[in-house]
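Student: Each protein sequence line maps, in turn, to chains Y and G. To convert, note that position 97 of the first sequence is 97 in our numbering; the numbers rise steadily by one, no gaps. To convert, note that position 386 of the second sequence is 386 in our numbering; the numbers rise steadily by one, no gaps.
Source of the hints: derived by calculation from the structure; they are not laboratory data. Hints are supplied without guarantee of correctness; some may be wrong.
As the list claims (entries may be wrong) - Below 16 Å or equal to it, Euclidean Cα-Cα: the simulated EDC-like pairs (lysine to aspartate or glutamate) are:
id, chain 1, residue 1, chain 2, residue 2
1, G, 525, G, 536
2, G, 30, G, 119
3, G, 198, G, 269
4, Y, 66, G, 603
5, Y, 45, G, 381
6, G, 525, G, 603
7, Y, 135, Y, 61
8, Y, 66, G, 602
9, G, 37, G, 148
10, G, 30, G, 196
11, G, 198, G, 148
12, Y, 66, G, 381
These are the residues of each chain, in order.
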Amino acid sequence: MTRKKQRLYFVIAGMSVLAVAAALVLTSFEDSLVFFHSPSDLAEKPVPAGRTFRLGGLVEEGSVVKQGVIVQFRVTDLAESVPVTFEGLLPDLFREGQGVVTEGQLNEDGIFVASNVLAKHDENYMPPEVADSLKKSGHWQPEGNK
Amino acid sequence: MVAELGQFVLVLALVTAICQGILPLIGAHKQNAALMKLAENASFVQFAALTGAFICLTVGYVTSDFSILNVASNSHSLKPLLYKISGVWGNHEGSLLLWVWILALFGFAVALFGRNLPDSLKARVLAIQGLIGVGFLLFVLFTSNPFERLVPAPFDGNGLNPLLQDPGLAFHPPFLYLGYVGLSVTFSFAIAALIEGKVDPAWARWVRPWTLAAWAFLTIGIALGSWWAYYELGWGGWWFWDPVENASFMPWLAATALLHSAIVVEKRDTLKNWTILLAIIAFSLSLLGTFLVRSGVLNSVHAFASDPARGVFILMFLVFVIGGSLVLYAVRAPAMKGGGLFAPISREGALVLNNLLLSTAAATVLLGTLYPIFLDAFTGEKVSVGPPYFNATFLPLAVPLVIAMAFGPFLPWKRADLGSALSRLKFAMFAALIVLGLTWWLQTDGPILALVGMGLFAWLLVGSLIEWADRIRLFRAPFNSSWRRMVTLPRSAHGMTIAHIGVALVVLGITASEAWQSERLGIMKPGETVTVGSYDFKFNGAEQIVGPNYNALRGSFTASKHGGAGYQMFPEQRVYTDPPMMTTEAAIRPMLTADLYVVIGDEDGAGGYATRIYHKPFISWIWLGCLTMFFGGFLSLSDRRLRLGAPKKRQVEIKGKEAPTHI
């Protein structure tokens, strides 16, 4: 065993682990990237049904309807809005007029079926994506959401 | 008054840190004993000053002094005392004060326990600690001053986020910081070694206890955080691959790798460059974690504030520390010659494999964590990288790691025979196959990964036990002699076995709870009974109750197994008054074989309540396993070989006598 040979083993082992890792990353990356869209984005550029993405905005006032554990509401950026349905217990801070981020897919009828409504732990908190999309739609009121 | 005093000692700490960061370096360069000695005294003063600052802020919290902005924003006079105290670090400014205080504590500890360190090395290590302190103190004083006054003082404070009013979370940050900041010591040793241009087994021996301590604290800190998420957030999950979790997980992976590579430096005087690099990477990752969490680039409960000035400051600091140390590394590392040679199949080889897998895992986690930030910064596109990515990249790397973990300790240094290691591990293989077969037979439908996980658990558990039994020649020698061997076996050897068993237990907990969890979501009316897992849950009804600083809807459930004795479970949905906020308090019945987990939600208007009930097999073992790892780490730390007070000369003697296979 010479020093050179040892170094060669190192390089081979290192390279092969890295190659495996790179392969793993490349194969899984594309599928697990979840894009964020606002209701206005969807109106502009529809996302095909069945693709997972995150939809964020405000919970539209007066839109929440609960039927057992199924909840229906609309997510709005005050320009456009999208109907959402979710089966499960809503996070503690879910309220009409509050910012919300949901993850799921659109179904054939254009309803967003959320598998996950992301909990935010602070009532003053506005998800940055939502803040950005509100700014874009021109309805951002910074004093109201410090 | 207390705020001004706090402010004053903070500035004092900064001035001391500047002296500590500069003068001893000059002293070490010129071999000036007085200047080198200064490092020690400065670290005492710095520690005392920061302790004072910390006490001042704590007094502010305990006495509810709302003329201090930080107290007014984060505390409330009606809060229980424990949460008044934990509120000190439950916010951005206070948690940074905790950070620098722990940094000073570690500097102080190096000065205190490092009496046998060569003067110049000690001076340099403490100087680097001082420089890190300068960076953080500047940050605290200029962007995040906890002692800022608020005029006029409000009548009462804003209160602490009720989610943070929890014993698990009260102690999560201190432990995590002990881990994060503990890595600064290893980093300082690495930089000092680069400046001196010398790394030898003695260096590794000085570094290892600090790494071990940091690793153990990091382990328990992460476990506490995950435990809190499990019982407090009410989703039943314990790990979400959230960027904030990743921020603590990456340094843990690097620290684990470092822990193992330092063994090779100590025993075989080789892998030195790599170990130095790992020490730099590990601390860089903990700085990066601090940056991610503190700068507000992430959106979560941890991002207390998003003030761009803070983000820019930490980013600059990060660039300076990481860039500077890597440049120093590039200049100085090539001069360090590697020591002993070894074959690919050997103890060293196994530890290299461990390091490769762990650092690759850390790199994939890093990529997944940073990618959304970069994409947002460069294209404005918002994405998130979800758990599927992390599971798909991390698990395939973790499997060979666990397989190798049982092998490694059987391989002798330098050159080993895989066949003989395998033959000693044959029981572990049997055990793994039996458990695998049994699982296959028992499980009606479940992921194939569950079989792998259970097999790995048995393999590692039995493999670790065999190795331990081998060392004390259990059942091969008379019991008395085995007992004597067990007593005289170095504590670090026991520690390794225990820590590895801890990993096996974590594997068990993760596998079983992920694969065989049962869940039921639905409306329940009082008197209704549902079956989840092997338990019947009877819903007895719900009522409104009044707590100390909240009102709650409290449900009452009786869980029983096949009509056996029932457990009462009381999940709550609380509405806190200050700040007004709703939280879900799951009712959890932890048991060794499974956890029962009940959550109650809103009333449906017709007398029914939304409920979610889980049966999670073996999930407690995730945290029990972490606790076992923590214990193993500390047992190892108490090994007399690593005890820092021992005179240097004697250490060399002991080293000569050591059996070569001991870790």
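Student: Each hint: holds or not?
Tutor: Comparing the hints with the structure gives:
no.	hint	in the structure
1	525(G) - 536(G)	15 Å, holds
2	30(G) - 119(G)	12 Å, holds
3	198(G) - 269(G)	11 Å, holds
4	66(Y) - 603(G)	10 Å, holds
5	45(Y) - 381(G)	14 Å, holds
6	525(G) - 603(G)	10 Å, holds
7	135(Y) - 61(Y)	19 Å, violated
8	66(Y) - 602(G)	10 Å, holds
9	37(G) - 148(G)	35 Å, violated
10	30(G) - 196(G)	13 Å, holds
11	198(G) - 148(G)	45 Å, violated
12	66(Y) - 381(G)	33 Å, violated
When each numbered hint is compared with the structure, violations occur for hints 7, 9, 11, 12.
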